[in-house]
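Produce the complete structure using the sequences and hints provided.
Residues per chain are reported as follows:
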Amino acid sequence: MVRVLLFGRLRDVAGWRERLVDPTPATLFALKNRLAAEDLALGEALAAAGVQAAVDRALVRGDIALAAGAEVAFLSPMSGG
Amino acid sequence: MVRVLLFGRLRDVAGWRERLVDPTPATLFALKNRLAAEDLALGEALAAAGVQAAVDRALVRGDIALAAGAEVAFLSPMSGG
Amino acid sequence: MVRLQSEAFDPGALLSGFCQGREETGAVVSFTGIARGGAGAVTRLELEAYPGFTDAEIERIADAARTRFSLHDVLIVHRIGEIAPGEAIVFVATAAAHRREAFEAADHLMDYLKSRAPFWKREHGPDGARWIEPTEQDRSDAARWD
Amino acid sequence: MVRLQSEAFDPGALLSGFCQGREETGAVVSFTGIARGGAGAVTRLELEAYPGFTDAEIERIADAARTRFSLHDVLIVHRIGEIAPGEAIVFVATAAAHRREAFEAADHLMDYLKSRAPFWKREHGPDGARWIEPTEQDRSDAARWD
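Residue numbers (our numbering), protein chains in the order written: chain A, 1 to 81; chain B, 1001 to 1081; chain C, 2001 to 2146; chain D, 3001 to 3146.
Listed below are several chain A residues computed to face chain C (Cβ distance under 10 angstroms; list not exhaustive): (1) 8; (2) 9; (3) 54; (4) 58; (5) 75; (6) 77; (7) 80.
Derived Cβ-Cβ restraints for the label pairs, each shown as a range: (8) C/2125 / A/51: 22 to 32 angstroms; (9) C/2084 / B/1016: 55 to 65 angstroms; (10) C/2127 / D/3136: 48 to 58 angstroms; (11) B/1052 / D/3043: 23 to 33 angstroms.
Source of the hints: derived by calculation from the structure; they are not laboratory data.
Glycine residues also receive a C-beta, built at the ideal position from the N, C-alpha and C atoms.
Shown next as structure tokens:
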């Protein structure tokens, strides 16, 4: 099981801000594919330019293995403060 | 009669910060000469680089006629705030 | 120190505390960012952070600035949640021996905060809500320090 | 507004007042200059102004900055008389729509105040008193804006 968080526009697209995904997907990309399979619009939004991912609060580039209990955040382009 | 004010180092040299000079000297240079005649050290200090004069609170370059009641200030090089 | 908070704050109270007991600090610069009303176009601002991530990112930048500009101290307070026009959004204070370092550090931190800090910001107005992204100016301001 | 005063002041209280009721000001920058103790080398500072001349000169520069940097407001408070280490000597605050103008105006005003404002300043320490003049750095900082 992993915890998924959405920030910014992504949340408007998905209609949720936080959910649990079970069982734990093997990798970050597998998680993205699973979310996209359930919600095409969200899948497109996650693939858009400027969207970043953080696993356990650290930015991640490319794919990465996910451990059970991981916190995965998808970050829309940041607004600045 | 004119009022003479000294600022900064000039005051240390002269030993006074404010005095009246009577009768009114015709010009600023005449006033300087009169002060120098009374106190050689002050005369030298007034002629030093960076010393400015203000008449009635406006900076003056060169000589200028003095009216009775004028306020003449001699300003040592400024320190900034 | 970096603090994210949903409560309104008084920039003056923060500055008073920050200036206290500094006998060797010659210069304190503060920046206060205020939510603008845009003559009625903006009724409120909504600012979201990712707790544990946003604060850690800002802390990292603050630490780098401390070294780069030889700061004696730095304080960053950032509002999150709902903010009304006229309220302070962000407060940055820097303390240094001389004014040049204090000015540059505050300027640099604000450029970073405005363009790269992980916040998501929405303006609400009579015509609905819109997400805000950094302007070109914000991006080029931040690039000055790279 | 420009104010010369012999009483100590709290920079935070000045900033609070300056920030109040600004719905269209996006940025407020403040600078606080603090008397440094120099690890005991300076026991007090003595600062003299020429009333009616010093304040008029500073007012003139503040007015020019208001125009040059499109400021919404500017406040300058300067101590005169005897100042102890750790006390604030000068407070400058600038308000503008955007941060760049507010930063530049405060920076500019401080460069002016430090190098060209008509004050006479003396440091008192265990070894006696000495008159202070602007440093080369102060002069070249001020020349950036000419």
